[in-house]
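Visitor: Spelled out from the first residue to the last, the chains are:
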Amino acid sequence: MSVESSHTAAPAQPSPATAHVKAGLARRYAAEKRFRLYGIIAIGASLAFLAMLLISIVSKGLPAFSQTFIQLDVPLDIDTLDIDAETAEAVQEGSLPASELRRANYNGAIREALRERFPDVSGRSDRRALYKLVSTGAQYDLARIVMDDPSLLGQRQTLWLPTDDEIGALVKRGADLTQADTLSTRLDDKSIAWAADLDANNEFDVRFNTTFFKNGDSREPELAGIRAALVGSAYTLLITFLLSFPVAVASAIYLEEFAPQNRWTDLVEVNINNLAAVPSIVFGLLGLAVFINFFHLPRSAPVVGGIVLSLMTLPTIIISSRAALKSVPPSIREAARGLGASELQVVFHHVLPLAMPGILTGTIIGLAQALGETAPLLMIGMVAFIVDIPQGITDSATVLPVQVYLWADSPERAFTEKTSAAIMVLLAFLIVMNAVAVMLRKRFERRW
Amino acid sequence: MTTTHLLIVATVLAAVSYFAGRARAWSVARENGGIRQLHSLPTHHGALVAIWCFVPALLLVVVWKLAEPVYIGNIVNANVPAELSAGDERQIALYRNDVENLISDGDASQITDDGKRALGERLLAQRSSSSLALTLLALAAALGGAAFAYKRIAAPTRARHSVERVVKFLLVSSASLAILTTLGIVLSVLFESLRFFQQVSFTEFVFGTSWSPQTAIRADQIGSSGSFGAIPLFTGTLLISAIALLVAVPFGLMSAIYLAEYASPRMRNITKPLLEILAGIPTVVYGFFAALTVAPAIREFGSVIGLSVSSESALAAGAVMGIMIIPFVSSLSDDVITAVPQAMRDGSYALGSTKSETVRKVVIPAALPGIVGGVLLAASRAIGETMIVVMAAGLAANITANPLEAVTTVTVQIVTLLTGDQEFDSAKTLAAFALGLMLFVVTLVLNVIALLVVRRYREQYE
Numbered sequence: 000m001s002v003e004s005s006h007t008a009a010p011a012q013p014s015p016a017t018a019h020v021k022a023g024l025a026r027r028y029a030a031e032k033r034f035r036l037y038g039i040i041a042i043g044a045s046l047a048f049l050a051m052l053l054i055s056i057v058s059k060g061l062p063a064f065s066q067t068f069i070q071l072d073v074p075l076d077i078d079t080l081d082i083d084a085e086t087a088e089a090v091q092e093g094s095l096p097a098s099e100l101r102r103a104n105y106n107g108a109i110r111e112a113l114r115e116r117f118p119d120v121s122g123r124s125d126r127r128a129l130y131k132l133v134s135t136g137a138q139y140d141l142a143r144i145v146m147d148d149p150s151l152l153g154q155r156q157t158l159w160l161p162t163d164d165e166i167g168a169l170v171k172r173g174a175d176l177t178q179a180d181t182l183s184t185r186l187d188d189k190s191i192a193w194a195a196d197l198d199a200n201n202e203f204d205v206r207f208n209t210t211f212f213k214n215g216d217s218r219e220p221e222l223a224g225i226r227a228a229l230v231g232s233a234y235t236l237l238i239t240f241l242l243s244f245p246v247a248v249a250s251a252i253y254l255e256e257f258a259p260q261n262r263w264t265d266l267v268e269v270n271i272n273n274l275a276a277v278p279s280i281v282f283g284l285l286g287l288a289v290f291i292n293f294f295h296l297p298r299s300a301p302v303v304g305g306i307v308l309s310l311m312t313l314p315t316i317i318i319s320s321r322a323a324l325k326s327v328p329p330s331i332r333e334a335a336r337g338l339g340a341s342e343l344q345v346v347f348h349h350v351l352p353l354a355m356p357g358i359l360t361g362t363i364i365g366l367a368q369a370l371g372e373t374a375p376l377l378m379i380g381m382v383a384f385i386v387d388i389p390q391g392i393t394d395s396a397t398v399l400p401v402q403v404y405l406w407a408d409s410p411e412r413a414f415t416e417k418t419s420a421a422i423m424v425l426l427a428f429l430i431v432m433n434a435v436a437v438m439l440r441k442r443f444e445r446r447w
Numbered sequence: 000m001t002t003t004h005l006l007i008v009a010t011v012l013a014a015v016s017y018f019a020g021r022a023r024a025w026s027v028a029r030e031n032g033g034i035r036q037l038h039s040l041p042t043h044h045g046a047l048v049a050i051w052c053f054v055p056a057l058l059l060v061v062v063w064k065l066a067e068p069v070y071i072g073n074i075v076n077a078n079v080p081a082e083l084s085a086g087d088e089r090q091i092a093l094y095r096n097d098v099e100n101l102i103s104d105g106d107a108s109q110i111t112d113d114g115k116r117a118l119g120e121r122l123l124a125q126r127s128s129s130s131l132a133l134t135l136l137a138l139a140a141a142l143g144g145a146a147f148a149y150k151r152i153a154a155p156t157r158a159r160h161s162v163e164r165v166v167k168f169l170l171v172s173s174a175s176l177a178i179l180t181t182l183g184i185v186l187s188v189l190f191e192s193l194r195f196f197q198q199v200s201f202t203e204f205v206f207g208t209s210w211s212p213q214t215a216i217r218a219d220q221i222g223s224s225g226s227f228g229a230i231p232l233f234t235g236t237l238l239i240s241a242i243a244l245l246v247a248v249p250f251g252l253m254s255a256i257y258l259a260e261y262a263s264p265r266m267r268n269i270t271k272p273l274l275e276i277l278a279g280i281p282t283v284v285y286g287f288f289a290a291l292t293v294a295p296a297i298r299e300f301g302s303v304i305g306l307s308v309s310s311e312s313a314l315a316a317g318a319v320m321g322i323m324i325i326p327f328v329s330s331l332s333d334d335v336i337t338a339v340p341q342a343m344r345d346g347s348y349a350l351g352s353t354k355s356e357t358v359r360k361v362v363i364p365a366a367l368p369g370i371v372g373g374v375l376l377a378a379s380r381a382i383g384e385t386m387i388v389v390m391a392a393g394l395a396a397n398i399t400a401n402p403l404e405a406v407t408t409v410t411v412q413i414v415t416l417l418t419g420d421q422e423f424d425s426a427k428t429l430a431a432f433a434l435g436l437m438l439f440v441v442t443l444v445l446n447v448i449a450l451l452v453v454r455r456y457r458e459q460y461e
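Protein chains in written order, with numbering that gives the first Met the number 0: chain A, 0 to 447; chain B, 0 to 461.
Hints are computed from structural coordinates only; laboratory data are not their basis.
Errors might be hidden in some of the hints.
What the hints assert, rightly or not - Residues from chain A that keep clear of chain B, each with C-beta distances beyond 10 angstroms, as calculated:
#	residue
1	THR79
2	VAL120
3	ALA128
4	GLN138
5	THR184
6	ASP188
7	LEU285
8	LEU313
9	SER330
10	ASP394
11	ALA407
Said to hold, decoys possible - Straight line, CA to CA, 27 angstroms or less: simulated DSSO-like cross-link-like pairs of lysine-lysine:
#	chain 1	residue 1	chain 2	residue 2
12	A	LYS171	A	LYS59
13	B	LYS64	A	LYS32
14	A	LYS32	B	LYS115
15	B	LYS115	B	LYS64
16	A	LYS441	B	LYS271
17	A	LYS21	B	LYS360
18	A	LYS32	B	LYS271
19	B	LYS271	A	LYS325
To be verified - Chain B regions said to be covered by chain A (calculated; three or more residues, Cβ under 8 angstroms):
#	region
20	130 to 139
21	186 to 196
22	438 to 451
Backbone N, C-alpha and C fix where the C-beta goes; we use that ideal spot for every residue, glycine too.
I would like the entire structure built from these sequences, with the hints used as guidance.
Guide: Structure follows, in structure tokens:
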């Protein structure tokens, strides 16, 4: 009881200091809550930016993965195709190669088919508008079909051919073609009426866009593809890997295992750290001045791009390789030395294999950076308009991010969706590479 | 044989000599009563023979290829017409180029000009004999080297030491490549910049306020002089970088604080990698997003509230760049915040402060040097960033502090100057290198300061 009484005996009035603290408590708790909220807002906003970026690109890019086809009844007789009868016969018998048919007038056949489908259309400008329903690339598709099977000559064939990008976009969107005035398009009402007629008869079909993955660049959006850029990226990345991986691993081994503590080693380390932060465009200037103007290596070639990118990724790979080597415990080295291994045997037989997963993870992340890099490649002329698939490391080529840059500059609206689609492909590759890196780390990482 | 073929042959020979050397070492071991009698392992002996095969041949090819142009240059100089040899080197180079083009098909007999035909034939003959001689000498060097090392294989030969010395040399030279790269950057950029400053004075470049790099192709063209005052580019770069930092620092820092001090481990594990994705997205994607989504949106918004916004406003490029460097700021700040010793926080709690008070009055001041270092690194990244500004910022060189107007940056101008068709020696092209030099120096200084600050700070608590 005495304890209790001593409590009640305590001054009923709190000390001035406590009162002061109590008075401020509500304000301080509110400040605490606000501060927390700022943090949540910061993270939420950053993630919202990320989501916005991805959603805007995916929503713009998805249509590019499908392509609209039009059904046409194409007359493949030799008069329309403008082939002389002997050649046609010789090709059908196999005495002449099918490539002899390359020069035929496939465009004429497609136009004939369109005229037959819409017999009422007359007048030059109307007909020209009518021809524009079909992509200018349709003739190459038709040529391929005929050259693959010359026996089609002289017959009529019902074929699906790619449409022009404007009308194709409307059909893909599922727009109501009968309501011409509600559509935002640069097509005139007549073309839309024809399209509506075709649509009503189910003569349009939307399919997966294989052209996008099979073709090189083109001025026509519906014919433009990323194949050339993908191959260019593959060559460039191959060179980057072949050059940067061995050199980076060797540097890391030297710095981590052998380097004496002296000025030279310090200089090397400072250099590596600084190179990691040099703006990428400066590496492009180096490539231009040294490899192209001084060593006269070919412009726009993956080999130069690969060299420049490998110089750029070297610091990244070196730094992560050193971390991987450092994480191998000294007892491994001591055990190997105890069994009589030489210094190099210790490293190459024991330390390096144990550090390999970490080194590979760093390499993949470095290569992923290189894959997304654009600026230095602009400097060495890899901004070319590349239609043909590059055949080697010295051919003119472009890479995926540069293709994105080039398409983003094109005025045609259909290129916007191509750009977004190319970005999606690029991001897919980056995601795969990073996923592999994460997997390697998870699967092989050892805690000593 | 071309050099490539020669090197391939040398590689094959080296592979063969590796196996031959290894086999010989085994047989030596058997004669001496087991492998233990050898000083080095058979693989070491094999590797040594391969090295002796490949390296002399390689050195010979390199020396030859360095000396050959000099020798051929002398032939050309001795064979050009008299009126040219007195003239300047460009004339000789042009003449030589002409002849090279004529003999590119390997046949000089069709050339009509007597002097050129003589030189062409001389060059062709020289080339074929040089190629033959090199092939023979290189093969001799490869085989001779291999034979020498092969004969030396014996039980006491210290092959391992030699091989390891070579491997160590390779390791050292790989590590030194970083220095070579820096040197290459400095020299190439500096060299071209010096040529630029011969044409345009340094003070005009650094203090001039008008940038219009249109040089004339002909001397009599109007408005041909071109002006290379880089101040508008510097202010433009600063404006866009400042906007980027205004976005990135608050968002990055607050995310880092929340993740380090408040978030549960689970949330941290999910949120951190998601934020890192922002850093992994290629800059060209941000450029596309800025140019096609953000810039029109800002313009639209501006017109709704009655502001005229340029379609290439600094705000769009800067804001998107800021988003890009959020993870950069946040991961660097996260590192330094978690490095602040727990004892300091505990002391603060014991005095009755709330968590946010601890963060603001204890943790952040303690971590401030590291955070400043991180912000400096982020600034250097923003200044050197290229694709976002190339795609979303303009080309107009305005001096303005208004983020709604179009400005241009150093990197944009480098790209514009170098992607056009221009003679390499023109002031226009060389200006790009002068800008590159500025960029390199500024980012280097920022990085060095940042690294020093971070390092000094780390030492305090470790």
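Visitor: Are the hints correct? Go through all of them and say.
Guide: Against the structure, the hints come out as follows:
no.	hint	verdict
1	THR79	holds, 43 angstroms
2	VAL120	holds, 37 angstroms
3	ALA128	holds, 30 angstroms
4	GLN138	holds, 32 angstroms
5	THR184	holds, 19 angstroms
6	ASP188	holds, 28 angstroms
7	LEU285	violated, 5 angstroms
8	LEU313	violated, 7 angstroms
9	SER330	holds, 23 angstroms
10	ASP394	holds, 16 angstroms
11	ALA407	violated, 5 angstroms
12	A:LYS171 with A:LYS59	holds, 13 angstroms
13	B:LYS64 with A:LYS32	violated, 72 angstroms
14	A:LYS32 with B:LYS115	violated, 87 angstroms
15	B:LYS115 with B:LYS64	holds, 24 angstroms
16	A:LYS441 with B:LYS271	holds, 17 angstroms
17	A:LYS21 with B:LYS360	holds, 20 angstroms
18	A:LYS32 with B:LYS271	holds, 22 angstroms
19	B:LYS271 with A:LYS325	holds, 25 angstroms
20	130 to 139	violated (count 0)
21	186 to 196	holds (count 4)
22	438 to 451	holds (count 7)
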